[in-house]
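> Using the sequences and the hints, build the whole thing.
Protein chains in written order, with the numbering used here: chain A, 1 to 149; chain B, 1 to 149; chain C, 1 to 149; chain D, 1 to 149; chain E, 1 to 149; chain F, 1 to 149.
Some hints here could point you the wrong way.
Think about it this way: if two alpha-carbon atoms lie no more than 35 Å apart in a straight line, the pair counts; the simulated DSBU-like pairs of lysine-lysine are [what the hints assert, rightly or not]: (1) F:7 <-> A:16; (2) C:16 <-> B:73; (3) C:16 <-> F:76; (4) F:141 <-> F:7; (5) C:37 <-> C:76; (6) B:37 <-> A:41; (7) D:141 <-> C:41; (8) D:73 <-> D:16; (9) D:141 <-> B:73; (10) B:7 <-> E:73; (11) B:141 <-> B:41; (12) C:65 <-> C:16; (13) F:10 <-> B:141; (14) E:65 <-> C:16; (15) D:65 <-> D:16; (16) D:10 <-> A:16; (17) D:141 <-> F:141; (18) B:141 <-> E:141; (19) E:16 <-> C:141; (20) E:141 <-> F:7; (21) C:41 <-> B:76; (22) C:16 <-> E:7; (23) B:41 <-> F:141; (24) F:37 <-> C:10.
A partial selection of chain B residues facing chain A, derived with a Cβ cut-off under 7 Å [claimed, not checked]: (25) 20; (26) 21; (27) 22; (28) 41; (29) 44; (30) 46; (31) 47; (32) 49; (33) 51; (34) 94; (35) 126; (36) 130; (37) 132; (38) 142.
No lab work stands behind these hints: they were computed from the structure.
Model, not experiment: these values are computed from the prediction.
For every residue, glycine included, the Cβ atom is placed at its ideal position computed from N, Cα and C.
6 protein chains.
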Amino acid sequence: MNDILDKPRKIYVTRKIEFNAAHRLFNPDLSDEENRKIYGKCGSEYGHGHNYLLEITLSGTIDRKTGYLFDLKELKTILEEEIVARFDHRHLNFDVVELEGNVPTTEILAVTVWDILESRLRTITNTEVSLHEVIIHETGKNSVRYIGE
Amino acid sequence: MNDILDKPRKIYVTRKIEFNAAHRLFNPDLSDEENRKIYGKCGSEYGHGHNYLLEITLSGTIDRKTGYLFDLKELKTILEEEIVARFDHRHLNFDVVELEGNVPTTEILAVTVWDILESRLRTITNTEVSLHEVIIHETGKNSVRYIGE
Amino acid sequence: MNDILDKPRKIYVTRKIEFNAAHRLFNPDLSDEENRKIYGKCGSEYGHGHNYLLEITLSGTIDRKTGYLFDLKELKTILEEEIVARFDHRHLNFDVVELEGNVPTTEILAVTVWDILESRLRTITNTEVSLHEVIIHETGKNSVRYIGE
Amino acid sequence: MNDILDKPRKIYVTRKIEFNAAHRLFNPDLSDEENRKIYGKCGSEYGHGHNYLLEITLSGTIDRKTGYLFDLKELKTILEEEIVARFDHRHLNFDVVELEGNVPTTEILAVTVWDILESRLRTITNTEVSLHEVIIHETGKNSVRYIGE
Amino acid sequence: MNDILDKPRKIYVTRKIEFNAAHRLFNPDLSDEENRKIYGKCGSEYGHGHNYLLEITLSGTIDRKTGYLFDLKELKTILEEEIVARFDHRHLNFDVVELEGNVPTTEILAVTVWDILESRLRTITNTEVSLHEVIIHETGKNSVRYIGE
Amino acid sequence: MNDILDKPRKIYVTRKIEFNAAHRLFNPDLSDEENRKIYGKCGSEYGHGHNYLLEITLSGTIDRKTGYLFDLKELKTILEEEIVARFDHRHLNFDVVELEGNVPTTEILAVTVWDILESRLRTITNTEVSLHEVIIHETGKNSVRYIGE
Numbered sequence: 001m002n003d004i005l006d007k008p009r010k011i012y013v014t015r016k017i018e019f020n021a022a023h024r025l026f027n028p029d030l031s032d033e034e035n036r037k038i039y040g041k042c043g044s045e046y047g048h049g050h051n052y053l054l055e056i057t058l059s060g061t062i063d064r065k066t067g068y069l070f071d072l073k074e075l076k077t078i079l080e081e082e083i084v085a086r087f088d089h090r091h092l093n094f095d096v097v098e099l100e101g102n103v104p105t106t107e108i109l110a111v112t113v114w115d116i117l118e119s120r121l122r123t124i125t126n127t128e129v130s131l132h133e134v135i136i137h138e139t140g141k142n143s144v145r146y147i148g149e
Numbered sequence: 001m002n003d004i005l006d007k008p009r010k011i012y013v014t015r016k017i018e019f020n021a022a023h024r025l026f027n028p029d030l031s032d033e034e035n036r037k038i039y040g041k042c043g044s045e046y047g048h049g050h051n052y053l054l055e056i057t058l059s060g061t062i063d064r065k066t067g068y069l070f071d072l073k074e075l076k077t078i079l080e081e082e083i084v085a086r087f088d089h090r091h092l093n094f095d096v097v098e099l100e101g102n103v104p105t106t107e108i109l110a111v112t113v114w115d116i117l118e119s120r121l122r123t124i125t126n127t128e129v130s131l132h133e134v135i136i137h138e139t140g141k142n143s144v145r146y147i148g149e
Numbered sequence: 001m002n003d004i005l006d007k008p009r010k011i012y013v014t015r016k017i018e019f020n021a022a023h024r025l026f027n028p029d030l031s032d033e034e035n036r037k038i039y040g041k042c043g044s045e046y047g048h049g050h051n052y053l054l055e056i057t058l059s060g061t062i063d064r065k066t067g068y069l070f071d072l073k074e075l076k077t078i079l080e081e082e083i084v085a086r087f088d089h090r091h092l093n094f095d096v097v098e099l100e101g102n103v104p105t106t107e108i109l110a111v112t113v114w115d116i117l118e119s120r121l122r123t124i125t126n127t128e129v130s131l132h133e134v135i136i137h138e139t140g141k142n143s144v145r146y147i148g149e
Numbered sequence: 001m002n003d004i005l006d007k008p009r010k011i012y013v014t015r016k017i018e019f020n021a022a023h024r025l026f027n028p029d030l031s032d033e034e035n036r037k038i039y040g041k042c043g044s045e046y047g048h049g050h051n052y053l054l055e056i057t058l059s060g061t062i063d064r065k066t067g068y069l070f071d072l073k074e075l076k077t078i079l080e081e082e083i084v085a086r087f088d089h090r091h092l093n094f095d096v097v098e099l100e101g102n103v104p105t106t107e108i109l110a111v112t113v114w115d116i117l118e119s120r121l122r123t124i125t126n127t128e129v130s131l132h133e134v135i136i137h138e139t140g141k142n143s144v145r146y147i148g149e
Numbered sequence: 001m002n003d004i005l006d007k008p009r010k011i012y013v014t015r016k017i018e019f020n021a022a023h024r025l026f027n028p029d030l031s032d033e034e035n036r037k038i039y040g041k042c043g044s045e046y047g048h049g050h051n052y053l054l055e056i057t058l059s060g061t062i063d064r065k066t067g068y069l070f071d072l073k074e075l076k077t078i079l080e081e082e083i084v085a086r087f088d089h090r091h092l093n094f095d096v097v098e099l100e101g102n103v104p105t106t107e108i109l110a111v112t113v114w115d116i117l118e119s120r121l122r123t124i125t126n127t128e129v130s131l132h133e134v135i136i137h138e139t140g141k142n143s144v145r146y147i148g149e
Numbered sequence: 001m002n003d004i005l006d007k008p009r010k011i012y013v014t015r016k017i018e019f020n021a022a023h024r025l026f027n028p029d030l031s032d033e034e035n036r037k038i039y040g041k042c043g044s045e046y047g048h049g050h051n052y053l054l055e056i057t058l059s060g061t062i063d064r065k066t067g068y069l070f071d072l073k074e075l076k077t078i079l080e081e082e083i084v085a086r087f088d089h090r091h092l093n094f095d096v097v098e099l100e101g102n103v104p105t106t107e108i109l110a111v112t113v114w115d116i117l118e119s120r121l122r123t124i125t126n127t128e129v130s131l132h133e134v135i136i137h138e139t140g141k142n143s144v145r146y147i148g149e
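So this is what it looks like as structure tokens:
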């Protein structure tokens, strides 16, 4: 490599993935009336669903040997194992262990995705890459961002 | 109006709407094994879901008085009453009378939406506008088009 | 060229362009009350505006020498001269001669763009390319298509 | 709720809205020549227009009871009352009190939207949610971000 | 299935795929000067590249048993074998046998993709599905459509 | 200007540009086997290509006279001279002096674009605008962000 990497360069790399899932916003600890007031049509009994679009961002220093922050083929594998396999073509209220006991709002989902990925990335010892940001678009109009704080 | 409309002009007007729904691809007339073979993960027991994006196209001659094909405020009302109210935040296998006894594939959904809208438009007697096309995008990758044939 | 073009191949080529314009939907031949009824907030006195996105499609046979239907650099020049120069950063009710005496609905606009381009293409004698379709997206939700009928 | 919310989680929630407006970039305190030099075709006399797309981001801690940061139905109402009602289908140079005496650039617009929303959010006393970011896309190519600094 | 499919319904199903490829527009049968005149910067010596986005549309009658036109999992496999494996991460002037002796314009590419898929679909004997349309977007601004004529 | 700019307002302005280029991920200092392991199909001999989409963000205080952060016409000229002229319709491994001796990953490209623009902006002495962020989307799925750290 030439002089571009003579000083360390902090970089952010984002990968988008999608999954299609059903959910119902309903808190069993609350009365039906309170549920209706808080969740409206999102509490419809059998659930509804979304094409969830996720943006997963890692940060760290560009590797002098590869010119990469992190091998995106490896990231793709991690995201398929940890996120797609868990959430895609599922009903978030019934099929996902990590969400049990929670109302599967997009806020809760973003935190859950962060916790899962953060935990997985810590098992990769030969890298200093960090999870920087998880964004989930529930629709084209609504999205949620979590940065681990 | 000036000479632009001195000859009749056939025009196509498209309005996009969205609804978020859950569905499960499962045919109760078939064995579980056959269902798995045909529908794969789309047959997941509790269902999954999508942000369905629809493109509804009307055709006809531009009105000399208004310069419109059809009042889009009226079309918006029709689409909200006929489509959004029926499908949005619903589970297509349980909540929609018109789909009863059918596997709610996007193909079936497109035909159903066509039939509903075609029937409603026939009740509007002071216009010669026709339903031209129904497109449904199930995801950013898959879509289905029906033109009434 | 090899055998791909041994038989003539009919092809459709689409180029997208944009212009940003103001307009007011108001028909001076009608009463204020009728205008309000027909055009609602689109008749707001000083006008409002849009980022108009156009899709212009030509059709014809692929040229054996170039592998092109039509030189897109030349099409770009034509679209800049005929469309962008006429409509971009303009108020459609005051600044565009071709729209005088018309309510600048998207329907009227699509027909006007067709007439302008059709007329210009007829001046190009060394080609058999035809104008096939003009689509105008007024917003991300509404669009109009005209095919010269 | 289970342990996901046992520690407070800071979350960012974004809602997109659109409005269609006309504007003219022209500073009456400057000479015509200076206006032309600074604003070019954006100073065209009768104005032009855009489909403005806004991304409004709130931040705060996820509510343990609802799993929400903030009720998006309430946010939608606020945005319709404060933003859509004020700016949609308007001419920014004539119809918006808050912009009087200002050149309605996207920069000025972003700050104005921030000030309006920040002021409205302060009237909601039963929440600790904060306005975090206002992004306005004037076209698909240009956007402006303001974060209250 | 209920009465929705009591009459045969002709349906169009579209699947999007992408590939990333390099190409150079250069016709070795023409002089350098003529090449420059026709292809301009698209003839740059080492080539340039695109994220090609394809829309592949099949048509036919909805299957009464499955509610599908055609199994999209099978279509996905066909597109990966025939299109992605041939064109993705390739230089169209050097790596694709089917394009040899042709200038790899988007027009030529669309016809080539059509011929490959049409030929493959004819090997599937248990279906009456037809290839209806191939659209290739070379950039967000330019696209080409071929329907087999 | 009225009171909106009575206090200085820090603003971020983003402009999107695109260029179409070929590249090959290959590090001549490594063995063929190591290259294959690291870069996979991205190392294909003749290269492949992308429609690169860039988001360039400047930050600073809104100018009281113009209501702008920075004249976007001037920014457009800078981006055409520094970025489009250098990278568009090029092969990044052969045609770009600034990338010589580097593997043209998107990470390296983002840093290079930053260095070029930062250096150019320092030559503009009558402004306090700063380069804030460079984002490069290599595909619709992968992007890289650099903020000069």
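> Each hint needs a verdict: does it hold in this structure or not?
Structure-based check of each hint:
no.: 1; hint: F:7 <-> A:16; result: violated (39 Å)
no.: 2; hint: C:16 <-> B:73; result: holds (27 Å)
no.: 3; hint: C:16 <-> F:76; result: holds (20 Å)
no.: 4; hint: F:141 <-> F:7; result: violated (40 Å)
no.: 5; hint: C:37 <-> C:76; result: violated (40 Å)
no.: 6; hint: B:37 <-> A:41; result: holds (34 Å)
no.: 7; hint: D:141 <-> C:41; result: holds (27 Å)
no.: 8; hint: D:73 <-> D:16; result: holds (13 Å)
no.: 9; hint: D:141 <-> B:73; result: holds (30 Å)
no.: 10; hint: B:7 <-> E:73; result: violated (48 Å)
no.: 11; hint: B:141 <-> B:41; result: holds (17 Å)
no.: 12; hint: C:65 <-> C:16; result: holds (25 Å)
no.: 13; hint: F:10 <-> B:141; result: violated (40 Å)
no.: 14; hint: E:65 <-> C:16; result: violated (41 Å)
no.: 15; hint: D:65 <-> D:16; result: holds (25 Å)
no.: 16; hint: D:10 <-> A:16; result: holds (22 Å)
no.: 17; hint: D:141 <-> F:141; result: holds (19 Å)
no.: 18; hint: B:141 <-> E:141; result: holds (19 Å)
no.: 19; hint: E:16 <-> C:141; result: holds (21 Å)
no.: 20; hint: E:141 <-> F:7; result: violated (41 Å)
no.: 21; hint: C:41 <-> B:76; result: holds (15 Å)
no.: 22; hint: C:16 <-> E:7; result: violated (39 Å)
no.: 23; hint: B:41 <-> F:141; result: holds (23 Å)
no.: 24; hint: F:37 <-> C:10; result: violated (44 Å)
no.: 25; hint: 20; result: holds (5 Å)
no.: 26; hint: 21; result: holds (5 Å)
no.: 27; hint: 22; result: holds (4 Å)
no.: 28; hint: 41; result: holds (4 Å)
no.: 29; hint: 44; result: holds (5 Å)
no.: 30; hint: 46; result: holds (3 Å)
no.: 31; hint: 47; result: holds (5 Å)
no.: 32; hint: 49; result: holds (1 Å)
no.: 33; hint: 51; result: holds (5 Å)
no.: 34; hint: 94; result: holds (5 Å)
no.: 35; hint: 126; result: violated (33 Å)
no.: 36; hint: 130; result: violated (29 Å)
no.: 37; hint: 132; result: violated (25 Å)
no.: 38; hint: 142; result: violated (10 Å)
In this structure, the hints that do not hold are numbers 1, 4, 5, 10, 13, 14, 20, 22, 24, 35, 36, 37, 38, in rising order.
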